[in-house]
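Chemist: In the working numbering, the protein residues as written are 1 to 221.
Treat the hints loosely; a few may be bogus.
To be verified - Ranges between beta-carbon positions, derived for each pair:
1) L65 with A32: 43 to 49 Å
2) A203 with A47: 26 to 32 Å
3) F126 with D174: 37 to 43 Å
4) I189 with T142: 39 to 45 Å
5) A203 with T44: 56 to 62 Å
6) R7 with D174: 32 to 38 Å
7) S172 with A125: 24 to 30 Å
8) F126 with V159: 18 to 24 Å
9) L198 with M81: 31 to 37 Å
10) F126 with Q50: 53 to 59 Å
11) G122 with L74: 28 to 34 Å
12) L18 with D101: 44 to 50 Å
13) R30 with V66: 37 to 43 Å
14) Q50 with Q195: 49 to 55 Å
Simulated from the structure, these hints should not be mistaken for laboratory data.
All C-beta atoms, glycine included, are put in the ideal place defined by N, C-alpha and C.
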Amino acid sequence: MSNAAHRLNPLLKFVLELGPLGVLLLANARPALFTPLLGPLLPTNLAADQLGIFTATAAFMIATLVALAIHYALVRQLPIMPLVSGVAVLIFGTLTLVLKDELFIKLKPTIVNCLFGTALLGGLAFRRPLLPVLFDAVLRLTDEGWRKLTLRWGIFFFVLAALNEIVWRTQSNDVWLSFKSLGVMPLTIVFALAQTPLLMRYAAPEGVEPEQPKHPDSLVE
């Protein structure tokens with residue numbers, strides 16, 4: 001199957017990415033709506049102020065699995081970023097519920113963003129074009145354009161990791177969950193749009209094939 005056939009409708013892809021975050025926010029705000037279904041997954045003897053974040057964690061895990069399953073059912077492929085993030089949600093979510101410690105789910109964004117940032121900057125050091133792999137897209141850029149764009153995104157992922165650490169360490173659970181659900185995506189969109197001048201400046205000339213990643217564009221196919 002071609003890369004084009006593997007691509008999900010952009011609107012549906014956006015919904016699948018935002019859906020689990022919406023569930024996370026709703027489950028924290030209204031845990032009573034979810035506890036009848038998620039009760040067996042939740043730790044026992046939770047305090048009232050713990051119910052929201054633990055219910056949200058369990059709901060987020062299930063919503064993430066559903067979103068990944070829908071994505072795979074539609075295109076028979078899972079891009080690297082959603083897959084890595086989804087696996088991290090399941091691992092850190094399970095640790096949160098089993099050990100009854102919300103620290104793990106709070107650390108998940110930090111670790112995943114550091115992983116992506118390290119992969120991009122490490123790939124840059126070894127002259128490997130990892131950015132097209134992570135974003136599951138083909139851009140027509142010159143070598144210099146790829147280097148500059150990769151550097152910017154690598155730094156941005158580390159900034160997101162730092163912001164996550166600041167928010168969860170200094171704010172309440174509600175504020176952290178709101179930041180994760182409603183803050184990270186707008187920041188990412190604004191940052192991506194801010195790269196438009198770079199994309200235009202370093203667009204590869206017509207007739208020159210864009211550099212292709214040397215790794216598969218998915219981990220599941």
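Chemist: Any hints from earlier that this structure breaks? Give me their numbers in increasing order, please.
Modeler: 1, 2, 4, 7, 9, 10, 12, 13, 14
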